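Asker: Chain by chain, the residues run as shown.
Number of protein chains: 2
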Amino acid sequence: MGREKIAIVGSGNWGSAIAKIAAQNASRQPELFEADRIPMWVFEEEVNGRKLTEIINETRINEKYLPDIKLPDNVWATADLEEAVKDATIFIFVLPHQFLGKTIEQLKGRVSKGARGITLIKGVGVEGGEIQIFADTIERELGISCSALSGANIANEVAAEKFSETTIGYRKREDGEMWQKLFATDFFKVQIVEDVAGVSLCGALKNIVAVGAGFMDGLGWGDNAKAAVMRNGLIEMKNFCLEFFETSKAETFFQESAGVADLMTSCMGGRNRKCAEAFVKTGKSFHELEKEMLGGQKLQGIHTAEDVHNFLKARNRQDGYPLFEAIYECSWEGRDVKTIPKSLDAQPSKSAQPQSSL
Amino acid sequence: MGREKIAIVGSGNWGSAIAKIAAQNASRQPELFEADRIPMWVFEEEVNGRKLTEIINETRINEKYLPDIKLPDNVWATADLEEAVKDATIFIFVLPHQFLGKTIEQLKGRVSKGARGITLIKGVGVEGGEIQIFADTIERELGISCSALSGANIANEVAAEKFSETTIGYRKREDGEMWQKLFATDFFKVQIVEDVAGVSLCGALKNIVAVGAGFMDGLGWGDNAKAAVMRNGLIEMKNFCLEFFETSKAETFFQESAGVADLMTSCMGGRNRKCAEAFVKTGKSFHELEKEMLGGQKLQGIHTAEDVHNFLKARNRQDGYPLFEAIYECSWEGRDVKTIPKSLDAQPSKSAQPQSSL
Numbered sequence: 001m002g003r004e005k006i007a008i009v010g011s012g013n014w015g016s017a018i019a020k021i022a023a024q025n026a027s028r029q030p031e032l033f034e035a036d037r038i039p040m041w042v043f044e045e046e047v048n049g050r051k052l053t054e055i056i057n058e059t060r061i062n063e064k065y066l067p068d069i070k071l072p073d074n075v076w077a078t079a080d081l082e083e084a085v086k087d088a089t090i091f092i093f094v095l096p097h098q099f100l101g102k103t104i105e106q107l108k109g110r111v112s113k114g115a116r117g118i119t120l121i122k123g124v125g126v127e128g129g130e131i132q133i134f135a136d137t138i139e140r141e142l143g144i145s146c147s148a149l150s151g152a153n154i155a156n157e158v159a160a161e162k163f164s165e166t167t168i169g170y171r172k173r174e175d176g177e178m179w180q181k182l183f184a185t186d187f188f189k190v191q192i193v194e195d196v197a198g199v200s201l202c203g204a205l206k207n208i209v210a211v212g213a214g215f216m217d218g219l220g221w222g223d224n225a226k227a228a229v230m231r232n233g234l235i236e237m238k239n240f241c242l243e244f245f246e247t248s249k250a251e252t253f254f255q256e257s258a259g260v261a262d263l264m265t266s267c268m269g270g271r272n273r274k275c276a277e278a279f280v281k282t283g284k285s286f287h288e289l290e291k292e293m294l295g296g297q298k299l300q301g302i303h304t305a306e307d308v309h310n311f312l313k314a315r316n317r318q319d320g321y322p323l324f325e326a327i328y329e330c331s332w333e334g335r336d337v338k339t340i341p342k343s344l345d346a347q348p349s350k351s352a353q354p355q356s357s358l
Numbered sequence: 001m002g003r004e005k006i007a008i009v010g011s012g013n014w015g016s017a018i019a020k021i022a023a024q025n026a027s028r029q030p031e032l033f034e035a036d037r038i039p040m041w042v043f044e045e046e047v048n049g050r051k052l053t054e055i056i057n058e059t060r061i062n063e064k065y066l067p068d069i070k071l072p073d074n075v076w077a078t079a080d081l082e083e084a085v086k087d088a089t090i091f092i093f094v095l096p097h098q099f100l101g102k103t104i105e106q107l108k109g110r111v112s113k114g115a116r117g118i119t120l121i122k123g124v125g126v127e128g129g130e131i132q133i134f135a136d137t138i139e140r141e142l143g144i145s146c147s148a149l150s151g152a153n154i155a156n157e158v159a160a161e162k163f164s165e166t167t168i169g170y171r172k173r174e175d176g177e178m179w180q181k182l183f184a185t186d187f188f189k190v191q192i193v194e195d196v197a198g199v200s201l202c203g204a205l206k207n208i209v210a211v212g213a214g215f216m217d218g219l220g221w222g223d224n225a226k227a228a229v230m231r232n233g234l235i236e237m238k239n240f241c242l243e244f245f246e247t248s249k250a251e252t253f254f255q256e257s258a259g260v261a262d263l264m265t266s267c268m269g270g271r272n273r274k275c276a277e278a279f280v281k282t283g284k285s286f287h288e289l290e291k292e293m294l295g296g297q298k299l300q301g302i303h304t305a306e307d308v309h310n311f312l313k314a315r316n317r318q319d320g321y322p323l324f325e326a327i328y329e330c331s332w333e334g335r336d337v338k339t340i341p342k343s344l345d346a347q348p349s350k351s352a353q354p355q356s357s358l
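First to last, the sequence lines map onto chains A and B. Read in this note's numbering, the first sequence has 127 at position 127, and its numbers run on one by one without any break. Read in this note's numbering, the second sequence has 27 at position 27, and its numbers run on one by one without any break.
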């Protein structure tokens, strides 16, 4: 087997952090990876009158997206996607999900047979009422085997080499092991599991739950209430995947960083939690808050809540997911967040509750 | 079947909060519970020159332990244990664990055959190198069937009727259902599970993990690191119980309030987390911090860590619990908290990590 040639498709905050790790690990394992020059595709933009690619290649710093961290010398920024992926055998997809479709179109015909991919893209796609994980989209469109990486991974903390864990979902164990060798360090521990769907869906669904946790913070209901929402959310995340994505495994949710741990970080910090808290405290709509707090960017949790709501409605399965539904209704239909506990009776044991009025 | 006659054995912060719920629920269900007068045994003390029992019975407020909450009129405080438990058919044990042994001695011969108990006592006992759950101690010593209640239940939040969930572990389903009727409300949701050991151990072991989470906060390592410790901790909690307490169930840890949710509240807030953070930041010993921050009270997490360490050492099973061991060593043996990640390789999948130096 030849050495793997890496292409990093994306260069934002998370892309730069992961480029740092991959480039360092490639240098430490030259028998496995070509390490002289690791291309990182950059969507070119001007920063203080200079091209971002030039800044990165000259200063080793991604001034726009990861300004405090020096990248290794072997990371090579290029705005030319074709050049970035030339001869690549392994592809790391780490770009905002809205750019994936167009990028895939540009890559068609430029990906060699037998190449492998991994997606670090957050969220899920929705096509024709179906929820699509990006690993499946990449596999189908580019004809390569694609794994997924997700976990309790705030990019700045990972880049600063603060202790983190992550999960890689693979389809073939040899793929999982190869990606583990590329990403694992003493401060960034990598577990591998045979569950691409579970790992991918965790990263999307936890944002819904984080909105619910933020509602509790907004109400000032305290840590008991927040933990109750997180617990119910974790169970619904697991149930959703087991019901609709046959290959996913309960253990991914309860035991892996992509599941329970990422849920925790998202509900402790994170923009979904924060905006939801502001939603309750200020009475503003999420549309206003997206403008004010996120510079017009979309808040993933509320849009995923809507996607999941539509998906469940089309299947008449809303009853099975009372917390997801409650968060959707509070976000989009004016339901009072104080009524969320009403939706949470008797999960998961479905044991009887005494009758009483709220 | 006659109506159940309740005795509440204990009257601290949590005891008073639960007395409020039990007394209200008894009033709502007079066909099931004698509701006219619910005795609450109080360890008598003087508060501002008056007896605490008198204050409670006259003002309906436990001025010392739950000063902001009015208790229902049918709660009756008494310093006489014998009077408190007279004719009782159901016993709620909710007192500091160090008083349980003496209280049991006083109760011997005063508990009717067929009576039932539930323990809300935090922690576990250690006798002759064995870890004992209090439900077992109560069953053995008093000859009554004993359930256990534990969950993400900060007492003041529950007393203020903020949304919470809890878990009751039962041995007989009819016991679980009876306790659920006594405790469940619209704001305090009760799940019942056939797992007394799991529910009891969750409440003790999570304090060890909260110490670990506090270490991460003390280091300023951020939410990724904290979530990693919580994830590993949850897995070790589960493994410990399944290995040493045959009847316990993995679901209790991953799905119930007593497990994952209580772990979350303890690691977000809580004294174990807070003192452990101070331990790292100040460099003071836990002995000093117990004096300064807890008025000389013991910090449960570090003492449970020691109990568990001794238990594992006696069985040569320390290797199976690297996080528990690391927290013990950092708390008691001067190990540097920065080395904790080293102990956390390859859980739970035990997959190989690349060699490198920290």
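Honestly, the hints are just simulated from the structure, not real lab data. Don't take every hint at face value.
Copies of the same chain are indistinguishable here, so a pair counts whether it falls within one copy or spans any two.
[What the hints assert, rightly or not] Below are the DSSO-like pairs computed for lysine-lysine, each with C-alpha atoms no more than 30 Å apart in a straight line:
(1) 281 - 108
(2) 70 - 162
(3) 86 - 342
(4) 64 - 342
(5) 102 - 162
(6) 162 - 281
(7) 181 - 313
(8) 172 - 64
(9) 281 - 70
(10) 86 - 284
(11) 70 - 338
(12) 86 - 298
(13) 70 - 51
(14) 338 - 113
(15) 51 - 281
Here the structure is a predicted model, which is why all the values come from computation and not from measurement.
Asker: Between residue 162 and residue 281, at a C-alpha cutoff of 30 Å, which is it: within one copy, between copies, both, or neither?
Answerer: between (33 Å within a copy, 17 Å between copies)
Asker: Since the copies are identical, ignore which copy is meant and state whether residue 70 and residue 51 lie within 30 Å (CA to CA) inside a copy, between copies, both or neither.
Answerer: within (17 Å within a copy, 66 Å between copies)
Asker: Since the copies are identical, ignore which copy is meant and state whether residue 64 and residue 342 lie within 30 Å (CA to CA) inside a copy, between copies, both or neither.
Answerer: neither (45 Å within a copy, 33 Å between copies)
Asker: Checking residue 86 and residue 284: alpha-carbon separation at most 30 Å within a copy, between copies, both or neither?
Answerer: neither (48 Å within a copy, 56 Å between copies)
Asker: Within a copy, between copies, both or neither: where do residue 281 and residue 108 come within 30 Å Cα-Cα?
Answerer: neither (47 Å within a copy, 54 Å between copies)
Asker: How would you label the pair residue 102, residue 162 (within, between, both, or neither) given a Cα cut-off of 30 Å?
Answerer: neither (34 Å within a copy, 48 Å between copies)
Asker: Give the relationship of residue 86 and residue 298 under a CA distance limit of 30 Å: within one copy only, between copies only, both, or neither.
Answerer: For residue 86 and residue 298, neither the intra-copy (33 Å) nor the inter-copy (63 Å) Cα distance is at most 30 Å.
Asker: When Cα atoms must be at most 30 Å apart, do residue 86 and residue 342 count as within-copy, between-copy, both, or neither?
Answerer: Neither. Shortest intra-copy (56 Å) and inter-copy (38 Å) distances fail the 30 Å Cα cut-off.
Asker: Reference check for the pair residue 51 and residue 281, CA-CA at most 30 Å: within, between, both, or neither?
Answerer: neither (41 Å within a copy, 42 Å between copies)
Asker: If the cutoff is 30 Å on CA atoms, where do residue 172 and residue 64 land: within, between, both or neither? Let me know, please.
Answerer: neither (36 Å within a copy, 61 Å between copies)
Asker: Could you place residue 70 and residue 338 in one of the four classes (within, between, both, neither) given a Cα distance threshold of 30 Å?
Answerer: Cα proximity of residue 70 and residue 338: across copies only (23 Å, versus 46 Å in one copy).
Asker: Could you figure out if residue 70 and residue 162 sit no more than 30 Å apart (CA to CA) within one copy, between two copies, both or neither?
Answerer: Only inside one copy: residue 70 and residue 162 sit 15 Å apart there, 47 Å across copies, limit 30 Å.
Hints 1, 3, 4, 5, 7, 8, 10, 12, 14, 15, counting from the list given before, are not met by this structure.
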